[in-house]
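In order, the protein sequences belong to chains A and B.
Numbering of the first sequence is given in my numbering, commencing with residue 1 and proceeding in unit increments.
Numbering of the second sequence is given in my numbering, commencing with residue 1 and proceeding in unit increments.
Check the hints yourself; a few may be wrong.
Said to hold, decoys possible - Which residues of chain A face chain B? A few of them, derived with a C-beta cut under 7 Å, are:
1. Gly31
2. Ala32
3. Tyr56
4. Ser64
5. Asn118
6. Pro135
7. Cys147
8. Thr150
Don't read these hints as lab results, they were simulated from the structure.
The structure presented is a predicted model; accordingly, all values stated were derived computationally and were not measured.
Ideal Cβ placement from N, Cα and C applies to all residues, glycine included.
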Amino acid sequence: MSHYGEALDGIMDRYPGQPEYLIFMLQDIQGAYGYISKESMQLACDRAGVPLTQGYSVATFYQSFRLDPRGEHEIRVCSGTACHLKGSQRLVEELERRLGVEAGGTTEDQRYTINTVNCVGACALAPVVVVDDEPQPNMTAKKLQRCLKTIDHELTIDTREQGYV
Amino acid sequence: MSNPNAALEVMDWRLKSAGDLTALQKQILETRDPNRPEIVVCHGSGCMANGSPKVTDAIKAALAKAGIQAGVIPGIKTTGCQGFCSRGPLVLIRPQGLFYQQVQPDDGEEIVERTIVKGEPIKRLLYKLPETGETVFTEQEIPFYKLQERIVLHNIGKIDPSEITDTIAAGGYQALAKALSTMTPEQVVAEVEQSGLRGRGGAGFPTGRKWRSALNAVAKKGRPVYVVVNGDEGDPGAFMDRTIMEGDPHAVLEGLIIGAYALGAEQGFLYVRAEYPLAIKHLEIAMFQARELGLLGENILNSGFSFDVRINRGAGAFVCGESTALFTSIEGKPGNPRPKYVRSVEEGLWGRPTVLNNVETWANIPQIISKGAGWYSGLGVPHSTGTKVFSLVGKVNNVGLVEVPMGVPVSKIVEEIGGGVPGGSPFKAVQTGGPSGGCIPYELRNTAVDFDSLTQAGSMMGSGAMIVMDERDCVVDVGRYFLRFLEEESCGKCLPCRLGLTRMREILDNFSRGLGTENDIEDLISLAQAVQDGSLCALGSSAPNPVLTTIRYFKTEYIAHVRDQKCPAGVCKDLITYVIDPELCTGCRSCARQCPNNCITGEKKTVHVIDPNQCIRCGICMETCKVGAIKVN
Numbered sequence: 001m002s003h004y005g006e007a008l009d010g011i012m013d014r015y016p017g018q019p020e021y022l023i024f025m026l027q028d029i030q031g032a033y034g035y036i037s038k039e040s041m042q043l044a045c046d047r048a049g050v051p052l053t054q055g056y057s058v059a060t061f062y063q064s065f066r067l068d069p070r071g072e073h074e075i076r077v078c079s080g081t082a083c084h085l086k087g088s089q090r091l092v093e094e095l096e097r098r099l100g101v102e103a104g105g106t107t108e109d110q111r112y113t114i115n116t117v118n119c120v121g122a123c124a125l126a127p128v129v130v131v132d133d134e135p136q137p138n139m140t141a142k143k144l145q146r147c148l149k150t151i152d153h154e155l156t157i158d159t160r161e162q163g164y165v
Numbered sequence: 001m002s003n004p005n006a007a008l009e010v011m012d013w014r015l016k017s018a019g020d021l022t023a024l025q026k027q028i029l030e031t032r033d034p035n036r037p038e039i040v041v042c043h044g045s046g047c048m049a050n051g052s053p054k055v056t057d058a059i060k061a062a063l064a065k066a067g068i069q070a071g072v073i074p075g076i077k078t079t080g081c082q083g084f085c086s087r088g089p090l091v092l093i094r095p096q097g098l099f100y101q102q103v104q105p106d107d108g109e110e111i112v113e114r115t116i117v118k119g120e121p122i123k124r125l126l127y128k129l130p131e132t133g134e135t136v137f138t139e140q141e142i143p144f145y146k147l148q149e150r151i152v153l154h155n156i157g158k159i160d161p162s163e164i165t166d167t168i169a170a171g172g173y174q175a176l177a178k179a180l181s182t183m184t185p186e187q188v189v190a191e192v193e194q195s196g197l198r199g200r201g202g203a204g205f206p207t208g209r210k211w212r213s214a215l216n217a218v219a220k221k222g223r224p225v226y227v228v229v230n231g232d233e234g235d236p237g238a239f240m241d242r243t244i245m246e247g248d249p250h251a252v253l254e255g256l257i258i259g260a261y262a263l264g265a266e267q268g269f270l271y272v273r274a275e276y277p278l279a280i281k282h283l284e285i286a287m288f289q290a291r292e293l294g295l296l297g298e299n300i301l302n303s304g305f306s307f308d309v310r311i312n313r314g315a316g317a318f319v320c321g322e323s324t325a326l327f328t329s330i331e332g333k334p335g336n337p338r339p340k341y342v343r344s345v346e347e348g349l350w351g352r353p354t355v356l357n358n359v360e361t362w363a364n365i366p367q368i369i370s371k372g373a374g375w376y377s378g379l380g381v382p383h384s385t386g387t388k389v390f391s392l393v394g395k396v397n398n399v400g401l402v403e404v405p406m407g408v409p410v411s412k413i414v415e416e417i418g419g420g421v422p423g424g425s426p427f428k429a430v431q432t433g434g435p436s437g438g439c440i441p442y443e444l445r446n447t448a449v450d451f452d453s454l455t456q457a458g459s460m461m462g463s464g465a466m467i468v469m470d471e472r473d474c475v476v477d478v479g480r481y482f483l484r485f486l487e488e489e490s491c492g493k494c495l496p497c498r499l500g501l502t503r504m505r506e507i508l509d510n511f512s513r514g515l516g517t518e519n520d521i522e523d524l525i526s527l528a529q530a531v532q533d534g535s536l537c538a539l540g541s542s543a544p545n546p547v548l549t550t551i552r553y554f555k556t557e558y559i560a561h562v563r564d565q566k567c568p569a570g571v572c573k574d575l576i577t578y579v580i581d582p583e584l585c586t587g588c589r590s591c592a593r594q595c596p597n598n599c600i601t602g603e604k605k606t607v608h609v610i611d612p613n614q615c616i617r618c619g620i621c622m623e624t625c626k627v628g629a630i631k632v633n
């Protein structure tokens with residue numbers, strides 16, 4: 001827990017120690033770390049005064065909570081109705097094929113997480129894919145490939161700069 | 001946060017009466033020159049995704065460069081969604097009212113140099129009427145806007161949602177002042193009852209009657225009583241609540257405060273979908289600014305009435321749009337609905353009387369109080385008064401947000417305002433009401449869009465998503481889509497919903513593979529009946545609607561899947577093959593290069609062939625082909 005330390009304490013201190021604030025705390029933890037670790041879950045439950053089982057019951061009920069770390073880059077394919085009609089399912093399949101991991105999962109090298117999202121509300125631009133919080137309008141399989149290439153390129157530069165290659 | 005506006009600094013912050021509010025409004029208007037040029041950039045979700053923040057930056061940079069040359073330094077304003085999403089990014093130039101569309105960052109400099117400095121319109125950026133090609137200058141000349149009646153959206157696209165002064169200048173909080181200073185709580189409830197307003201979240205329950213029941217519950221059980229905004233807009237394809245919260249957050253707050261006054265509530269909750277960070281931000285700013293001015297918090301406008309509100313972020317569960325599930329979620333628990341033997345107005349949040357209304361419903365309240373129930377009930381049709389905001393999406397030319405009086409025919413929205421289907425063919429069906437709604441086929445295009453007529457047609461109003469489908473959309477596929485959605489979102493409490501939806505989806509999966517029989521269609525209908533009857537909340541009881549209406553109106557298409565193993569729309573993968581038209585193929589090899597399964601063969605400049613046994617039907621070849629030689633059979 002030591003490496004979270006103060007930031008996590010700060011989140012706990014933001015809210016009164018009551019059960020109704022459990023979701024608030026979990027959302028902030030997820031916002032700060034991208035997922036909810038066992039330790040932070042225990043802390044939040046203790047603070048809210050609920051049993052650990054309730055913490056997990058909440059975290060597994062709501063879609064936005066993750067119990068595992070996310071990949072470095074998150075690709076979210078909008079599967080709202082307008083995007084579905086304009087072929088978003090094909091984009092999901094294309095991504096799954098290229099990255100070798102199913103939607104909802106993270107690649108083994110921890111580089112990519114693929115998710116689907118119910119609707120991002122940019123239906124005029126369907127199909128939309130959100131790459132690292134940046135919405136990409138009118139997506140096609142070809143544009144998706146280009147996107148992945150750009151990210152891959154950046155990742156390669158990053159690793160070089162860090163002296164890994 | 002800094003002071004909302006310099007105009008406020010010269011006076012005492014807290015407004016102490018209705019008169020103070022009017023004086024402030026007057027003061028703000030006096031400091032503003034109506035002839036000052038203003039560049040208004042749409043920062044709605046559609047335009048933002050299309051790059052409008054970059055356009056704003058480019059215009060700002062160009063303005064800085066042009067400097068004094070412009071004579072009068074123009075204002076630059078960012079607003080909520082202006083509605084015409086498919087033409088975005090949108091930029092409006094005032095005072096002329098020029099409507100620029102599809103503006104790119106590169107256009108920023110020209111807008112400043114030509115339109116602002118020289119006062120000339122840029123023809124290239126103006127809208128052209130699709131039928132005649134004629135260039136038009138202002139919003140009002142465009143059918144998409146001209147045919148709408150904007151009541152709830154009247155401020156959106158005009159005001160900066162993060163400046164309370166903009167709202168006040170436009171008459172914001174006047175309804176609250178009127179209610180507090182001239183009306184008793186009883187009169188407010190009576191006004192809402194008489195307006196005929198019905199809940200905009202989907203079910204269409206009369207808002208006034210709901211408030212009345214809550215008052216009766218309070219009389220029996222005492223306080224506290226809570227008021228709650230349902231901003232957990234979960235229907236895919238619906239973004240009107242988001243737009244209202246992002247674009248005019250004060251309208252929602254004002255409605256809520258008026259409701260709290262009518263019901264005697266001291267605490268309110270805004271439950272906002274987590275995927276809407278900008279809505280949350282704008283509501284937070286609005287709450288802060290309203291508190292600063294004494295429009296929210298202790299002793300509002302010195303009336304002795306105190307009320308405050310808190311935001312709860314949703315955590316990604318569609319079922320939390322249901323009232324009792326939403327309450328358990330606010331209480332910090334998983335959002336499971338409970339039986340409603342006792343209605344939630346009597347036993348809602350923490351077992352207390354609670355009024356929960358949808359965002360759009362709350363945003364209607366200030367208008368009703370300002371202009372009166374008589375005015376409001378004159379809009380729309382007798383049992384569905386007022387207007388409704390729709391998000392018009394799918395296979396339609398003018399994608400965007402549309403507000404029309406209740407009771408207009410479907411065809412007016414889709415064909416006149418929406419400009420019809422790209423390519424000019426008639427639409428196949430319009431899906432309304434999201435996963436709980438149904439399809440209105442082209443033959444019923446004259447169906448009036450109001451609560452009762454839509455229900456009669458087997459669909460429902462729902463939150464207001466209107467998804468246009470054309471001949472290339474398969475009803476079996478759409479049915480599978482909604483079932484898969486609801487299957488994932490079912491909380492699992494009731495067996496008919498939890499397992500019934502899965503089984504229904506499996507039957508449709510078989511149809512999409514050509515494996516079903518005609519008897520399965522009957523089984524599907526009887527299973528749908530069981531799910532409807534055996535589910536506790538509206539998620540389950542309305543879940544079969546999309547399938548049932550498509551069977552009702554498009555049975556031949558279902559039969560084509562099971563009897564002939566054909567998907568007439570060319571969508572269901574296992575029933576289609578991709579072929580290359582030898583007449584059109586130029587042998588450019590681009591499809592072959594893109595094919596992920598390497599199953600397209602052919603030498604350069606000779607006709608190519610797809611191996612149907614290897615083809616995985618990903619459709620990339622079709623997307624790649626520049627001459628349109630690839631067809632679906």
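Hints and how they fare:
{"no.": "1", "hint": "Gly31", "result": "violated (10 Å)"}
{"no.": "2", "hint": "Ala32", "result": "violated (15 Å)"}
{"no.": "3", "hint": "Tyr56", "result": "violated (10 Å)"}
{"no.": "4", "hint": "Ser64", "result": "holds (4 Å)"}
{"no.": "5", "hint": "Asn118", "result": "holds (5 Å)"}
{"no.": "6", "hint": "Pro135", "result": "holds (4 Å)"}
{"no.": "7", "hint": "Cys147", "result": "violated (15 Å)"}
{"no.": "8", "hint": "Thr150", "result": "violated (17 Å)"}
Hints 1, 2, 3, 7 and 8 from the list above are not met by this structure, while the remaining hints are.
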